[in-house]
Amino acid sequence: MIDSKEKYFLGVDVGSISTNLAVINNSKELIESVYIRTEGKPVESVQKGIKLMRDQLGEELAIAGAGSTGSARKLTGVIIGADIVKNEITAHALASLHYNPDVQTVMEIGGQDSKIIIIRNGIVIDFAMNTVCAAGTGSFLDMQANRLEIPIEKFGELALQSDNAVSIAGRCTVFAESDMIHKQQLGHPTKDIIKGLCEALGRNYLNNVGKGKDIRPPIMFQGGVAANIGMKVTFEKYLEQEIIVPENYAVMGAIGAAILAQEDATKRPKKSNFQSWDISEMNFQTSGFECDGCSNICEIVEIRRNDELIARWGSRCRKWDLID
Amino acid sequence: MPLSFPYVGTFTYVFESIARGMKRDDIIVPDEPTYRTKQLGSQHSSEFVCTPFKMLLGSIIEVIEKGAYEIVATVFVDYCRLGYYSPLYKIILDDLGYDFDLINLDWFNKVEFFTSFKKLACNVNAVQAFQAFRVGWIKNRYIDQIDKTLYSYGAVEIEKGAAYKVAHKLYRQVVETEGMKNIRMLPEIIQKTFDDVVEIDTEANPLKVGVVGELYAVVEPAINLDIMRRLNDIGVVTETPITFTRWIDLGQRMNPFKKWHYKACIKHAKPYVRYPLGGKTRESLGAVIEYKEKGWDGVIHLYPFTCMPEIISRSILPQVSREHDMPVLSLVLDEHTGEAGIQTRLEAFVDLLERKRNDRNGF
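Protein chains in written order, with our numbering: chain A, 49 to 372; chain B, 1188 to 1550.
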C-alpha cells in the first residue's frame, strides 16, 4: 500500500468535538484516516491522533505537505508544522468536490457549528454558518444521547424505528430539552421523541442556516452528525431529494486540508514544514496570561515545544504576537 | 466645564478638531472602546437595544468617569432607533446618578440645535464657531483620505503593520495642523508619507471588497473586530463608502456637481426598495450593484444584532447578489461576537472570491 516513490499529504481537522486526521496520496486518494474525540484538549488530541496514524502507517512514511483546518486550525498548524492553514468551509468544499465533482450543495453539521455550502460548476458561490446559536449541532445531540442513556451511534437507528414523530421545539436547545422532558413525562416512547428531535433539528437547520439558499441536487451531507441516519432521512423528507452521505463523512474536513496541502505543494514546490511523526513524544505546553496594558484585558496564549516558545497570540494590539 | 463626546471610529479626530477650533481647551478625548466599554454599556441598557447604543453609552460613562461634564451627543438622521439615542442616554445616566450636561445636537429641532451649539461654542463668536466647523469638515475629508489609503496600502504592504503605524501618526497630524494654508497642504503630505514610508508590493493584484452596512458597525473597529485590518491581513484591498462626509461636509453638500456614492446606490436599489426604510437599507442594497459596476470582487455587509433597517437589507441582499452575480457576505455583530467565527467566514469568503476570479480568468 505504501509506495516509497509516492508523495503523501497529511490533513488535520480539529473541531470542538472531534479531531480527524487524513493522509492522502498525490492523486488525492485517501490512504488512512483517524477519528478521535477532542475532549476539550486540542493539543493532546492532535498528539494522540498523530500517534495513531503513525502506528497505522509506519514511521518511514514521509509527509510531503501538511494542512490544518477546523476551529483549532491555528494552534494545530503550529503544533504539526502545517504548510497551509485554511478555514473549514474551503476544506469541506474541496473534499466534497473531490468525492463528487458534480455536487451543488454541501450540508455539514459538526460539533458546534453547522454550515451549508452552495457550489455551482465546481466553485463555491455562497455559504452560511449558524450565527448566534448552536441548536441542532452535534454537541446537543451528544448531550441528549447521554441524558437518555442511548449510545450516540444508536440514535439514528432508533429514530428510524418510529413512525410517529413527536413534535419538539427545535429553535433553541434549552427549550428543546425542556420540551423533550415534558414529552417524556407525558409518556411518549423514547424512539418517537428521538425521531421528533431529528425532525426538529433538521427543520431548524433548513430554516436558519439554509434560509434563502438555493439547495439543488446532488446534495451531500457530512460531518459527525451525518452518522445519524435519522437526520439523513429527515433531510430527504423535507428537501424531497436524495441525500448523499459520503463514506468518509466524518473526516471530510481533514481530507480537504490534505488536498489543500497537496495543491499548495504542487503549485509551489518546497520542503514541508511538517515536524515529524515524533510530535506525540514532544512536550507541548500552553500557558496564558492576562495583559494589563489597557482595559481590553486581552488573554494572551503562549505555546511552547520542549520549553522553546514557538507561538504567542491573543492581543488585540498585536504587541505580543509571535508566529513564525 | 470639561467637554467630551463618545468615541466613534476615526470621526473622533474630526470632533476633536472642531472642539479645538472653538477654543475649548478643556476637552477630554475619549479612549478607544475596549472590553470594559462593552460591559459598561450592556450592563446599563436594555438587552435588545442595538449594539451601537450600548457601545456609545459605555463610552459616555467612561468619559464621565474621566471627569467630563458636558457631553456632546447627536441624533442621527437615518429614521431608526438611533433617533432616540440621546433622550434615552439622558434618562439612563440621570438614573445612574451622574452629574453631567448632555449637549444634544438635534438638527430636526432647530431651536434646540442652536442653543446647544451655543453652549458648545461658548468661547467664540458665531463667525469663529462657523470657521471651526468648516475646518472640521475639511479635516474630515483628509481623515477619510487616510482611511482610504490605509485600507488599500495595508493589503499590499511588504512589512506587515507599517501602513497602520503611519496612519496613526497622520491622524494626529491632521488634528494638530492649524491655519487654512497648512491644512490645504495635508492631502499631499498624506499621500507622500504613505508613499515614502510604506513599501508596497507593486506586482500584487489584490482582491477588492467593499464594506457597507450600518454606520457604527462599519466605522468602529471595536464592534466589527477590526474587519478592515483582518481583510488587509489576508491581502484584500477594502474601502467603505460610509463616512461622515455626507452629513457634516457642508462644502460638498452645497456643490451641485458633487457625485454622491450613496445617491447612486439608492438609485440602483430602486427596483428592490422604492422608498426609505430607515438606516442604510437602500444604500446597502445599491452598493452591491455599484461595486459590481466598479469592477470590485465582493461586498461585505455589516449590521449590529437587532438593527431593524439592516435586517431588511439582509433579507433582500441574496436576491440582489444572485441577480447581479456579486458575492455578498452578511455579518451580524453584537457585543459577544466571537472572533473565530468572523475570521472563518472572512477567510472562506476571500477563498470564494479568489476561486471565482481564477475561474473567470480561465485558470
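Since the hints were derived computationally from the structure, they do not count as laboratory data.
Heads up, a few of these hints could be off.
[Said to hold, decoys possible] Here are the simulated DSBU-like cross-link-like pairs (lysine-lysine), alpha carbons at most 35 Å apart as the crow flies:
no., chain 1, residue 1, chain 2, residue 2
1, B, Lys1347, A, Lys89
2, B, Lys1543, A, Lys122
3, A, Lys259, B, Lys1347
4, B, Lys1479, A, Lys315
5, B, Lys1457, B, Lys1479
6, B, Lys1395, A, Lys318
7, A, Lys261, B, Lys1450
8, B, Lys1368, A, Lys259
9, A, Lys315, B, Lys1335
10, A, Lys122, B, Lys1352
11, B, Lys1457, B, Lys1379
12, B, Lys1352, A, Lys367
13, A, Lys315, B, Lys1352
14, A, Lys259, B, Lys1379
15, B, Lys1352, A, Lys259
16, B, Lys1454, B, Lys1347
17, A, Lys53, A, Lys315
18, A, Lys285, A, Lys76
19, A, Lys55, B, Lys1347
20, B, Lys1479, A, Lys259
21, B, Lys1454, A, Lys319
[Said to hold, decoys possible] Computed footprint of chain B on chain A, listed as stretches where at least three residues anywhere in the stretch have a Cβ under 8 Å from a Cβ of chain B:
no., stretch
22, 88-102
23, 338-346
24, 349-361
Virtual Cβ for every residue (Gly too), placed ideally from N, Cα, C.
Problem set entry | In rising order, the numbers of the hints this structure does not comply with | The structure conflicts with hints 3, 8, 11, 14, 15, 16, 21, 22 and 24, although it agrees with all the remaining ones.
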